[in-house]
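Could you slot chain W onto chain Z? The hints should help.
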Amino acid sequence: MKSQTVHQGRLKTPFYSRLEKLDTVNEWHEWKGYSSADALYCADMEYFAIRNSTAVFDLTPMTKYRIAGPDALDYLNRLVTRDMAKIRPGRVAYAVWCDDQGQVIDDGTIFHLREGEYRLCSQERHFAWLQAAAIGFDVTVTHETEDVAALAVQGPTSFSVLNEMGLEGLAELKPFGLTHFDFQGTELMVSRTGFTADLGYELWIDPDKAEALWDALFAAGELFGIRAIGTHALEMARIEAGFLAAYMEFLPADETVRTGRSRSPLELGLDWLVDFKKPNFNGRRALADEKRNGSTWRLVKLDIEGNKAAHNSYVFANEKANKGEIGFITSAAWSPVCKQNIALGTVRTPHGKPGDTVWVEVYYQREMHWSRKMAKATVVDKPFWFPPRRGATPPGPY
Amino acid sequence: MTDRYDAIIVGAGHNGLVCSALLAKAGKQVLVLEANERVGGAAITREFAEGYSVSACAHLLYQLQPEVRKELKLAPRMSSENMSTIALAADGGHVRLSGDSVDGVSPEDAASYQDFRKRMTRFADLLRKYLNKSPPRLGTKDLKDLVTLGQLGFDLRRLGKREMREFLRLIGMNIHDELDERFDSSLLKGAISLDAVLGTHLGPRSPNTMMTYLYRLAGDHGRVGLPEGGMSGVSEELAQAARSAGVTIRTNMPVKRIVIENGRATGVETEDGERFSSYTVISNADPKRTVMDLVGAKHVETGFTRRIHHLRSKGNAAKLHLALDGLPTIEGLTKKDFAERILIAPDEHYVERAFNPAKYGETSPDPIVEMTFPSFRDVSLAPTGKHVLSAVVQYAPYALKGGWNDAARETFTQAVIKVIAKYAPDIEQRITASELLTPPDIEREFHITGGHWHHAELTLDQFLFVRPVSGAAQYRMPVDGLYLCGAGTHPGGGVSGAAGRNAARTILSREKAA
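Residue numbers (this note's numbering), protein chains in the order written: chain Z, 497 to 894; chain W, 1230 to 1743.
The shape of chain Z in the complex, shown without the other chains:
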């Protein structure tokens, strides 16, 4: 095992020197040991960069594992619920992985970098679980979060920016595809992935070249409205996309203490990711039982009346709350681009079918005093934001 320096205090990403220059509000939080900006100048304005031009988000702290070896495919196929045999080299898969009880440990993306070599990315750290999963497989799992600098470049003009930067052939890259370029003698990997449900890319490079990449990117993006953003803006886009976040829509199963506090993929609306045609994967037996017997919870996307974001609200089946609550909101936001009061929530089945009406108890404060209001909400099926340009290949120039 190679020796590693153990850092003390909070880490700075390889892009810190550039972020620091752009930062005016000094709002940072900790993300898996790294400093990550909440916002750099104004979260709302940063949000509009995502939807109207190009937003750059430093996702270096995202957990990355390299999975390689002769059994890598078998290993991943047992680890995650979807069929990884279908993910060819050069493709990326969104995936979810469960414990033996079929409860979600985390979701993330798996990049098939080259034949038999993968990168798994997730918000949380899972080395112990991935190592346990490697018992009996000829596979190596390497933690490489620190070894790869990564940027999300998202928004309608993101293709134009990267094209301007000289990444030739990028136009042909389809959603969930990845490709490699030469950047100043170093390999730059670009994947058409993101957390915003919009046209967007993620860039992956050796940390030594991080600053040069940032500079080249911002030089190319000057006329395309490029902006660095923090997590607050990204979070709004994430909710509009209807994407899940660990510790919001679900707790990693290995972190829960009480039974019933974790969620299965079926309870998170991820049925499409669970491939029962695979003879075995972690959680398969439990999930097959759940499919037969019915789930307890259902994740819902809610379009709520009014304009007060329904943070931490209880959800009821009727306007009169005396019948008891059926669930609660997990993420909420006013969506500027949709002009909707949106939320994600978790409710008990059989409630929450698409088209159902539920009631959300919205809490708000005026001059110290709390008030509450029952707001009618409709369960919707589709993501709140899903523009055609996200899927267009080649993407149009904006």
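Errors might be hidden in some of the hints.
Below 27 Å or equal to it, Euclidean Cα-Cα: the simulated BS3-like pairs (lysine-lysine) are [to be verified]:
| id | chain 1 | residue 1 | chain 2 | residue 2 |
| --- | --- | --- | --- | --- |
| 1 | Z | LYS869 | Z | LYS816 |
| 2 | W | LYS1527 | Z | LYS582 |
| 3 | Z | LYS819 | Z | LYS804 |
| 4 | W | LYS1527 | Z | LYS774 |
| 5 | W | LYS1741 | W | LYS1254 |
| 6 | Z | LYS819 | Z | LYS872 |
| 7 | W | LYS1485 | W | LYS1527 |
| 8 | Z | LYS773 | W | LYS1527 |
| 9 | W | LYS1615 | W | LYS1630 |
| 10 | W | LYS1302 | W | LYS1358 |
| 11 | W | LYS1527 | Z | LYS787 |
| 12 | Z | LYS787 | Z | LYS773 |
| 13 | Z | LYS835 | Z | LYS869 |
| 14 | W | LYS1615 | W | LYS1564 |
| 15 | Z | LYS774 | W | LYS1485 |
| 16 | Z | LYS670 | Z | LYS878 |
| 17 | W | LYS1370 | Z | LYS787 |
| 18 | Z | LYS787 | W | LYS1302 |
Derived by calculation from the structure, the hints in this document are not laboratory data.
Then chain W, alone, in the frame of chain Z:
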């Protein structure tokens, strides 16, 4: 070409044979595949020096369950039965244990021993009842499980308030503290300590040794015997019972893998590439070998694999076989005493001190010894006038620091001989050949991962509801059609046949329910 059977059993150990015979008696077509040349697994007699034979691993019969005997009409011919135990003292003041009585100690100790035995056998009887049942699952609504659990609670309560409290106090305890409270005689304490730790990676001060002692008593109140012709006598009788029930037993057929198709067991493939089909595959192999080697991790889930991987299964007991040109002389023993079971464990601290190095991957410089002279009553085992000494010796850790090379083997062999020579000074002159089977040797010869005679350490965290691990405690593996029936399952090792019988009953009752 593939042959189809109702059930295929991997391994013809005693549990595999019991399981096969019971299934065949219920009308099943059963095939047993054994890797070795002969049946019996670790209950086998073989030559270790020209003209000298010995029970190579297990050497005493003390746990074969009455249920198994009855259902398979077994009546193993014994060369010795109801042997006493003699704990050797250097000055010849040996202690003899026989049933509930003990000689060679003070009247107080003798009385205390009777009281101790009375309580222990009572608890052991309670335990025995549950050794012969599939352990109930916890947190289930299955009626049978709930009834068994209720019964267990009722049986505990029926001991009476005082005795139940005593049982619950003792079951997780170390044997040393209990012995220290009861007895003065160090030799007596040493002998009982040895019984509690034999075959385990535990010392008398380790928690859980009360349980291993009770487990030993649960067999047949600790009564031991030697089968005629060694342990193969029992194994061959079992194989005969199986064959006459219609079981096909094929030896020299090592199984390479258990075939899993679409998430269920569909048969086995031998090392030679021969395929046999069955929707019921039962592994008599240890849980680790079954899951990691025969099935493969990709067919089971991660949490389960991890539990199996971490199963504590490293053996610590070695076997030493000595070919002797005559009986040694031991002060204070008459000739007929050589028919008994003889222990070297002069005091309880000695036993603990023998265990100390094992914690750090080293062998005991002063080992504890359980020896028998099986040739004394059974002339078939040695040339006329000559004798065989068969000894279980501890501690010889599986994962020896520096590995079990020739030097390490010689060091340990000499340590054992030196210890025996303290009591039998002429032993060295008598030795004409010797064989040491370390846990890695046992692993190689009998295909037991870790060379542990219980397949998995017999401790409360690997017992009853969680033996070998949760998710497989009822002989059923988390792969459809795949079962376990070996010592790694409830109740554990020892030539009892209980695991094989319980497994067969589980399989048959599941079939009935389906």
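Do the hints match the structure? See the list:
no. : hint                   : verdict
1   : LYS869/Z to LYS816/Z   : holds (11 Å)
2   : LYS1527/W to LYS582/Z  : holds (18 Å)
3   : LYS819/Z to LYS804/Z   : holds (24 Å)
4   : LYS1527/W to LYS774/Z  : holds (11 Å)
5   : LYS1741/W to LYS1254/W : holds (15 Å)
6   : LYS819/Z to LYS872/Z   : holds (16 Å)
7   : LYS1485/W to LYS1527/W : holds (16 Å)
8   : LYS773/Z to LYS1527/W  : holds (15 Å)
9   : LYS1615/W to LYS1630/W : violated (36 Å)
10  : LYS1302/W to LYS1358/W : holds (20 Å)
11  : LYS1527/W to LYS787/Z  : holds (23 Å)
12  : LYS787/Z to LYS773/Z   : holds (14 Å)
13  : LYS835/Z to LYS869/Z   : holds (20 Å)
14  : LYS1615/W to LYS1564/W : holds (14 Å)
15  : LYS774/Z to LYS1485/W  : holds (24 Å)
16  : LYS670/Z to LYS878/Z   : holds (21 Å)
17  : LYS1370/W to LYS787/Z  : holds (20 Å)
18  : LYS787/Z to LYS1302/W  : violated (48 Å)
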